[in-house]
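Novice: Residue numbers (numbering that gives the first Met the number 0), protein chains in the order written: chain A, 0 to 403; chain B, 0 to 403.
Wrong hints could be hidden among the right ones.
Identical chains share a label here; the pair holds if one copy fits it or two copies do between them.
[Said to hold, decoys possible] Derived EDC-like pairs (lysine to aspartate or glutamate); straight-line CA-CA distance at most 20 Å:
| hint | residue 1 | residue 2 |
| --- | --- | --- |
| 1 | K255 | E227 |
| 2 | K47 | D368 |
| 3 | K371 | D283 |
The set of hints was computed from the structure by calculation and includes no laboratory data. Predicted model, so just to flag it, every value in this text is computed and none were measured.
Chain by chain, the residues:
Protein chains: 2
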Amino acid sequence: MASESNQSVYRATTTAPVNIAVIKYWGKRDTTLNLPTNSSLSVTLSQKSLRTLTTASCSANYPTEDTLNLNGKPQEIQSSKRTLACLSNLRALRKALEDANPSLPKLSTHPLRIVSENNFPTAAGLASSAAGFAALVRAVANLYELPQSPRELSRIARQGSGSACRSLMGGYVAWRTGELADGSDSLAEEVAPASHWPEMRALVLVVSAEKKDVPSTEGMQTTVNTSELFATRAESIVPQRMDAIEAAIRDRDFPKFAEITMRDSNTFHATCLDSWPPIFYMNDVSRAAVRLVHDINRAVGRTVAAYTFDAGPNAVIYYEEKDSELVAGTVKAILGANTTGWEGAFYEKLTSVTAPGVALENIDSRVLDVLKDGVSRVILTGVGEGPITVDEHLVTETGEMVSQ
Amino acid sequence: MASESNQSVYRATTTAPVNIAVIKYWGKRDTTLNLPTNSSLSVTLSQKSLRTLTTASCSANYPTEDTLNLNGKPQEIQSSKRTLACLSNLRALRKALEDANPSLPKLSTHPLRIVSENNFPTAAGLASSAAGFAALVRAVANLYELPQSPRELSRIARQGSGSACRSLMGGYVAWRTGELADGSDSLAEEVAPASHWPEMRALVLVVSAEKKDVPSTEGMQTTVNTSELFATRAESIVPQRMDAIEAAIRDRDFPKFAEITMRDSNTFHATCLDSWPPIFYMNDVSRAAVRLVHDINRAVGRTVAAYTFDAGPNAVIYYEEKDSELVAGTVKAILGANTTGWEGAFYEKLTSVTAPGVALENIDSRVLDVLKDGVSRVILTGVGEGPITVDEHLVTETGEMVSQ
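Isolated chain A, as found in the complex:
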């Protein structure tokens, strides 16, 4: 929402969440428009733990070029085709409003000053670009007072970073691959709000990675172009899994949700391994997390935990609040209390946990030391809401960047 200031600096600020896919996006059928080869589905994570905060501002008094500052560092906006595509799409929508209603201030003609900051380290290997582009699109849309729905805005955010389109909504979000060449039907939509299944928790095990293998933008096209297994996943496996996991979410059927999540993570990494040259994102620590989850589920006698891995070694473990002690409690006992990140909004159920929820003799002995040595921190979070408009601006009323 734009607020008119004395010096005609217009501002709007939003937060946006990270999302972690349970049916993975991997492969583009159009690299310019970021059109995916398959649909995907994610859980939006709570902004009590992880969020991007972005202020979009504009003023006729600003120097002519749009600027973007991220975590205190000016970005080369003119060389980022993806950022330019988002801004140009948003300006066009504002221009249409102004053309239809001449009484509106001509914000589309003003230079933009955008300031953004994450509350988590980029080095943690979390999908910061999704939250970043979602916040940018949402903030500018608010500044321009655009009437478009999150679903409609997802078309724009997608061009910034594919998975960003899913961070415009909370809860359980599907990104439909769409069929049209111009991408106009490749949109994100809410499958269920966070309130439908609020008990979902996510424990991120941040793995001390060396250098990342292959950036995902490059890696996914290597897979599309070289993996002979890839088409089978994109064309026949994922469509079935999308239907099945949407049903599992509708029914709040955790065991079903969990199995599909784990299997799709495995299939995704299998297509990476099948690429040429092969791409490895999981390492021995990741594999220890896989074994841990299978061992916990086996020991408990039902499926209480699900792992998933993005294009990096970090494990995200989904579980339900009621199983906190069995899952997060066991991880806490293995890692030891010294591992950082246990504090925060979702910690209540675990404060008093001192013994593992699952006795450690049920866990493959190889797993314990590998995890203890390899996990540098945890992030304890849960399903959460979409972008939220806030009044804490990163640009002052006179257009100065707030010092951080």
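Could you slot chain B onto chain A? The hints should help.
Specialist: This is chain B only, laid out in the frame that chain A set:
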């Protein structure tokens, strides 16, 4: 060949080689007959480095039960359906000879005493069962003076251990999946003898494995039953690769041979990862070996090395003799001279190597320490011959086991 002794103890002794597949066998369509879901192709490794030595003997004076001693330990032969199937098939062939020619001694009625030993530790994670069953079948066939060709005997060895059928021949060996339900056309055959392309070398990096993940017999059926990517490999990818690698072998086209070998290893492990629960055989050391090979090929500017991994973390690196310094020389420089296994028949080209063939600044720095810490020994070998009849018996003329 049987030799009649004073006390009517008949003996025949053979060696048999290990083979390492370049198109992997993974999955049975019939678990009793060991009929594979797809054809496979392997390189028979020289017995100068690795071999099983097996003496088959029989005598009317032996106690009634067949016995098998392996590496000094009596085996529970009666509980091994696979061993019993091999012996019963071989006896039936002998019986047919005896029925046709009544002057032959009735060896098929004598109890068997079989003694076998490997010249390599079972713990090395090499496919010892392939060499073991090939030697057992070849030794008994010799004892019985069976006229069947290695191709015909491969039908029997296959029932002991699938990949054993490929160890009955030297050089480059294909195992055709066959189409008949009784498995009579699921046979191994020589694609090219070792002499066609004798320059092929194999460097085995023995990785200090913890406990093995899932035994291959169990693992492959998990993959068949659960991986949604598996059918694509078995039905469409492997048939194309079989044709292509046979052409590469015919043309002695190492770069083509190498790429297919590496890609099929990756696809095989991808289907393991896609299994439910997932199966991991490669670890961080294996992945370092993958990176090393890609880095060497990149630095040299042509494909001089190819990795492949069986159901375990050991890397087998194929290369041609002329590239010994570039490939094995670089590995030797990375591992240091203290790593055991460099000596032996194929070491000549490397004795004088002190500097890496490829400068180590071309190798991903993560690779160097991981390999140095993770590889416990190497085995330097090359393509070799099939089973060889020898006079060094492991059973004396009077039927006693030779003390080892």
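Novice: Classify it for me, K47 with D368: is the Cα-Cα distance of at most 20 Å met within a copy, between copies, both or neither?
Specialist: neither (31 Å within a copy, 40 Å between copies)
Novice: At 20 Å max between alpha carbons, let me know whether K255 reaches E227 within a copy, between copies, both or neither.
Specialist: Close across copies (17 Å), not inside one copy (28 Å); limit 20 Å.
Novice: Within a copy, between copies, both or neither: which one fits K371 and D283 at a CA-CA cutoff of 20 Å?
Specialist: Classified as both; 12 Å inside a copy, 17 Å across copies.
Consistency with the previously given hints fails for number 2 only.
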